[in-house]
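Engineer: Residues per chain, in single letters:
Number of protein chains: 2
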Amino acid sequence: LTESFAKDVNRFNKVPAIKEGDLKLAESVAIFHCLGRREIIPSRWYPKDIKSLARIDEYLEWQHGNLLNEAGMLFYMQWVIPFQTGVKPKAEDIKNQIAALNRNLSDLEKIWLKKSDFLVGNEVTFADLMAVSIIEQVVGLNLFELDARKYPNVNKLMIDVRGYFGEPYEKAHKVVNDYGVKFKSMFDHGEA
Amino acid sequence: LTESFAKDVNRFNKVPAIKEGDLKLAESVAIFHCLGRREIIPSRWYPKDIKSLARIDEYLEWQHGNLLNEAGMLFYMQWVIPFQTGVKPKAEDIKNQIAALNRNLSDLEKIWLKKSDFLVGNEVTFADLMAVSIIEQVVGLNLFELDARKYPNVNKLMIDVRGYFGEPYEKAHKVVNDYGVKFKSMFDHGEA
Chain A
97 LTESFAKDVN RFNKVPAIKE GDLKLAESVA IFHCLGRREI IPSRWYPKDI
147 KSLARIDEYL EWQHGNLLNE AGMLFYMQWV IPFQTGVKPK AEDIKNQIAA
197 LNRNLSDLEK IWLKKSDFLV GNEVTFADLM AVSIIEQVVG LNLFELDARK
247 YPNVNKLMID VRGYFGEPYE KAHKVVNDYG VKFKSMFDHG EA
Chain B
97 LTESFAKDVN RFNKVPAIKE GDLKLAESVA IFHCLGRREI IPSRWYPKDI
147 KSLARIDEYL EWQHGNLLNE AGMLFYMQWV IPFQTGVKPK AEDIKNQIAA
197 LNRNLSDLEK IWLKKSDFLV GNEVTFADLM AVSIIEQVVG LNLFELDARK
247 YPNVNKLMID VRGYFGEPYE KAHKVVNDYG VKFKSMFDHG EA
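First to last, the sequence lines map onto chains A and B.
For what it's worth, the numbering used here labels the leading residue of the first sequence as 97, then goes sequentially.
For what it's worth, the numbering used here labels the leading residue of the second sequence as 97, then goes sequentially.
Think of the hints as simulated: they come from the structure by calculation, not from any bench.
All values derive from a computational prediction rather than experimental measurement.
One should not assume that every hint holds.
Quick list of the computed label-pair ranges, beta carbon to beta carbon [claimed, not checked]: (1) B:K186 with A:S202: 41 to 49 Å; (2) B:K186 with A:A268: 17 to 25 Å; (3) B:A195 with A:M169: 16 to 24 Å; (4) A:R140 with B:K144: 33 to 41 Å; (5) A:I137 with B:S124: 35 to 43 Å; (6) B:K191 with A:L119: 33 to 41 Å; (7) A:A268 with B:Y260: 41 to 49 Å; (8) B:A195 with A:V111: 47 to 55 Å.
In silico PhoX-like links for lysine-lysine, alpha-carbon gap of 25 Å or less [stated by the list, open to error]: (9) A:K191 with B:K246; (10) B:K246 with B:K191; (11) A:K147 with B:K246; (12) B:K144 with A:K115.
So, partial list: chain B residues that the calculated Cβ filter (under 10 Å) puts toward chain A [as the list claims (entries may be wrong)]: (13) T98; (14) F128; (15) I152; (16) D153; (17) L156; (18) E205; (19) L209; (20) R258; (21) G262.
Where is the CB? At the ideal position from N, CA and C, for every residue including glycine.
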């Protein structure tokens, strides 16, 4: 990104970021809260009751130490490091990382989705979109296979969220899937 | 923690967690938001205006990918892994991890604290407490030395937050400092 973007929009020079009046704001979760408080996004996405909001926050925090972290690490190990160094990851490291990601999916399946179809109650919220799009990325990039029989609740969530957001969702993830196909052979280790 | 704690308070069986009526909530940031919305914590800690809240959220997200992550990794490398495996970390890995933490401190110094004494405006907020207590932990555990000349803004923030919270703050961090002294020799590598 450009120097003027850093100066005028986000001082960390990253996306996503918004600029509204004199407020320049980065970080998707912070943006989500801000738009929710301003009632710019639908209330089903940003519920008004404190309990649902608390549960969304709890998920967004949990995600950092778990799903987002482990998925990000897998991407880093299998794509970023090999791309930067030309050295393939060790099969065992990848195996351990996939096991860590499976532990997160197991928590999603058995704890988060134990009592309801969505992460917070019976309506789709921002939390679901975040969760599903993380999984979508590791699957789309051919880093991970989602076992629908092992994780039926997670699989249903993926289908429901895809269905709910429809074309814009597919369009956004097509980029990821195209990269997955394009670079699969480049980074194919045939061992992990 | 006990099975009944997992059942009755936090299904992830971790602290911090709160139980209020039928709401069982984990994750410090989620708890902070919840208590803030209920007006249980002072409004200076949980400002009412959307801009200040947005900036607090932005910091809390930034922290995950930066200060909290790198400090946690340093702790993990220098304490958890050696404790579990008996194998000392490589001096170079520790050096790189300390460099990563210094990059975060540099961002705190030059970006976050560029225009004001605190992370969000001119009053102490939850964001400051989070930031300072992370630094306090790596310093207290003898994993990291804060160079006050290199980071005068961060150093001032540490002093201000300590002064603001006084005795409860000192008491909470005494545990960390005691561990730091107690185990320093156990894990002292003399090389990092």
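Engineer: So which of those numbered hints doesn't the model satisfy?
Structural biologist: 1, 2, 4, 5, 8, 9, 11, 13, 18, 19, 20, 21
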